[in-house]
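Engineer: Got chain W sorted already, so can you dock chain C onto it with the hints?
Number of protein chains: 2
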Amino acid sequence: MDLTPSPLARPFPALPDIAGVTVRTVRAGYKDWRRADLTLVELSKGTTVAGVFTQSACASSEVELGREQVQSGSARALVVNAGNANAFTGYRGREAVEAIMAQVAEGIGCDRHEVFVSSTGVIGVPLPMDIARAGVDAALDAEPTSWESAAKAIGTTDTFPKGAGASAMVGGVRVELAGIIKGSGMIAPDMATMLGYIFTDAAVDPVFLQSLLNGINARTYSCITVDGDTSTSDTVLAFATGQAGNAVIASFDDPGADAFAAALEQVCRDLAHLVVRDGEGASKFIEVSVSGASSNDSARRVGLSIANSPLVKTAIAGEDANWGRVVMAVGKAGEPADRDKLSIGFGGHWAARDGQPIEDFDETPLTEHLKTQDITVEVEMGIGTGRATVWTCDLTHGYIEINADYRS
Amino acid sequence: MDLTPSPLARPFPALPDIAGVTVRTVRAGYKDWRRADLTLVELSKGTTVAGVFTQSACASSEVELGREQVQSGSARALVVNAGNANAFTGYRGREAVEAIMAQVAEGIGCDRHEVFVSSTGVIGVPLPMDIARAGVDAALDAEPTSWESAAKAIGTTDTFPKGAGASAMVGGVRVELAGIIKGSGMIAPDMATMLGYIFTDAAVDPVFLQSLLNGINARTYSCITVDGDTSTSDTVLAFATGQAGNAVIASFDDPGADAFAAALEQVCRDLAHLVVRDGEGASKFIEVSVSGASSNDSARRVGLSIANSPLVKTAIAGEDANWGRVVMAVGKAGEPADRDKLSIGFGGHWAARDGQPIEDFDETPLTEHLKTQDITVEVEMGIGTGRATVWTCDLTHGYIEINADYRS
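Note that the protein sequences, when read in sequence, are chains W and C. The numbers in the first sequence follow the working numbering, run straight up by one, and end at 428. The numbers in the second sequence follow the working numbering, run straight up by one, and end at 428.
To be clear, the hints were calculated from the coordinates, so they are not data collected in a lab. Be careful, since some hints might not be right.
Given that identical chains are not distinguished, each listed pair holds provided it fits within a single copy or across any two copies.
[Claimed, not checked] Taking lysine to any residue and the SDA-like style, the derived pairs with C-alpha atoms no more than 25 Å apart in a straight line are:
hint, residue 1, residue 2
1, 361, 85
2, 391, 421
3, 361, 37
4, 391, 422
5, 361, 87
Just chain W, same shape as in the assembly:
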């Protein structure tokens, strides 16, 4: 995090301690940098887990293993390596992950499959096993640290640490949630270069936790995009230690299930928004709301077509209410649309209604809105009741600067 913080950065919030969760960070030295880059989170016995992963056809070994591990529903530790994604590294990559799992399992006394590993950074360089081994050794002996330290340690091109928290009343018991996330580039629908972790002391059945996370993912992480690129490593894991003492939540019929689900969704939405706020080069946070589409899924795809359009994103960077480019992006989405029923607005002001520019159109309020940091784009398709909201950032010179020489 040596970079200048994004102008859209948010201060790191006060997050609750989560009973049953111990966070440690150390400098393993995956890159030649002076910062912690290995995070070890120890979880108490009985912790349940759920996860969602990248849909990349070239996923990393960490993701392949993680997909298998969440099936069992139990977790005792999480290791996050920053600076090396260990993706596209063949059998050597897989061996490196398995070695970390075995080492941590021995260190804390659990089964190997209860140790989750994530790695983020450069693709194609095998994770150096000696550095990982020494790092894990040091982490097992390290003093516990804060959420903010962990949020910093899991970052790569992030310009600020990202966290979000919430609480809920579950059957008369207060439960706490805390989450951290990393990601700024290579963010796209269907998961992204995003590593996100949510921890709660609530007791939650792992099958129910997985079903909650699947639904929430579709409305949060899968509705953000920075550049349309999808990483090989994206992972969001939710861990529930059960230390709060509530009766296990196993369905929406259980007391407090709705409150817990709402709190989890709030944390996930906040974390997703923070990733967009750290979008590489971002100067504006953009919310695209699509209504009147043929279905909710169709609305989401139209929204993402707009949110991924370089022409829309550069126009907003230039503070230009260029709704014509929004029309272009609606048209290319491949979804049902009727040009002559389409309406486009910015900041709550219509620029075009029913397929035509508004007569004697006063552009002043739109221009004023475009000068702010939080932009909204409204699209009314006029053909159905489907709706969705997606989030992105603008496309600026900063994106080029960050990505044209990241590796070197």
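Structural biologist: Positioned in the frame of chain W, the structure of chain C alone reads:
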């Protein structure tokens, strides 16, 4: 064309006159600029026509009408307006096109449906009918001009005029082809902000010409991308005046059909490459070749996923042989892939084979290749026999500069 020419620009070639084709350009004044912006091409009686158009769901009236007009197969005139796309302008847009068709039809004595109109530029502002009317009037009286003048007059953000020519022997008769094209941004698969026109003095049956153009389009215009955005107005039209005197080509069984088809494909490929060479902000021309895919279509989609990836394009701009980002783009394409059979190269040098970096990898030849202007990316999927080649350019600060303040 006040902009600095793209570093990838090519000099305008010597193009043949095409018997039966008369080109005129005038300054109608669609924008406040000092240049010709209305092109009128008059075509001799008996000219046949074929066309391919944008797949945008919000296509302009010009495209809607053009799709109907090519059904008849005959053409007598083409009008191209530059500076105003007349798209998303409702019934007023359609009336403006129909007025131009009527005016030209009366001026040269033909049916209205034989007059093809294209418009390019800003979306959402109705084409000013008085300016168009005066412009067409002036064009009907103007002196004939050159292909290069027309190539300049149809441009908008283009930084250099684009043309290509070829000739072929058809049953002992030499036929000539000349083409011009405009387009630099909003270029994407399935057509783009591209207006392309090919003229030949060959006699070609319009149904056969259409089938040729469909196939060629799939291998040329549909295989280029600058930013993944698709315009509301894209159009490629091929006109055959029949003045060369060859026997009409109506199928591949006819003499010279192969030679004519090859010449037409060469012109279309050259024109498509010129659009990429004028990609907004481009500093490198990139050819992506995909082999070993499950099918040719799958190979093309993988190629376009790579060619559209901002992370790949910024890496190449930074002269970084970052093949890990190519892996990422293969993974996100949603096509069949096996990470452990995937090989990636640049400039004919493999960087990774069978899912792993090459041992003791000498990056020098790749780095040297990345410093040149013409970059090749090779991807071997290792799972089938499908192959495709697509073309794009890198993503630089220039793209942001051009698009963040185009309209104002």
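Engineer: Each hint needs a verdict: does it hold in this structure or not?
Structural biologist: Verification of the hints:
In this assembly of identical chains, residue 361 and residue 85 lie within 25 Å of each other by CA distance solely across copies; the values are 19 Å between and 48 Å within a copy. When the C-alpha separation of residue 391 and residue 421 is checked against a cutoff of 25 Å, the pair qualifies both within a copy, at 23 Å, and between copies, at 18 Å. Taking CA atoms no more than 25 Å apart as the test, residue 361 paired with residue 37 passes in neither setting, with 51 Å inside one copy and 45 Å between copies. In the homo-oligomer, the alpha carbons of residue 391 and residue 422 lie at most 25 Å apart both inside one protomer (24 Å) and across protomers (19 Å), since each shortest distance falls under that limit.
Taking CA atoms no more than 25 Å apart as the test, residue 361 paired with residue 87 passes between copies only; the shortest distance there is 21 Å, against 44 Å inside one copy.
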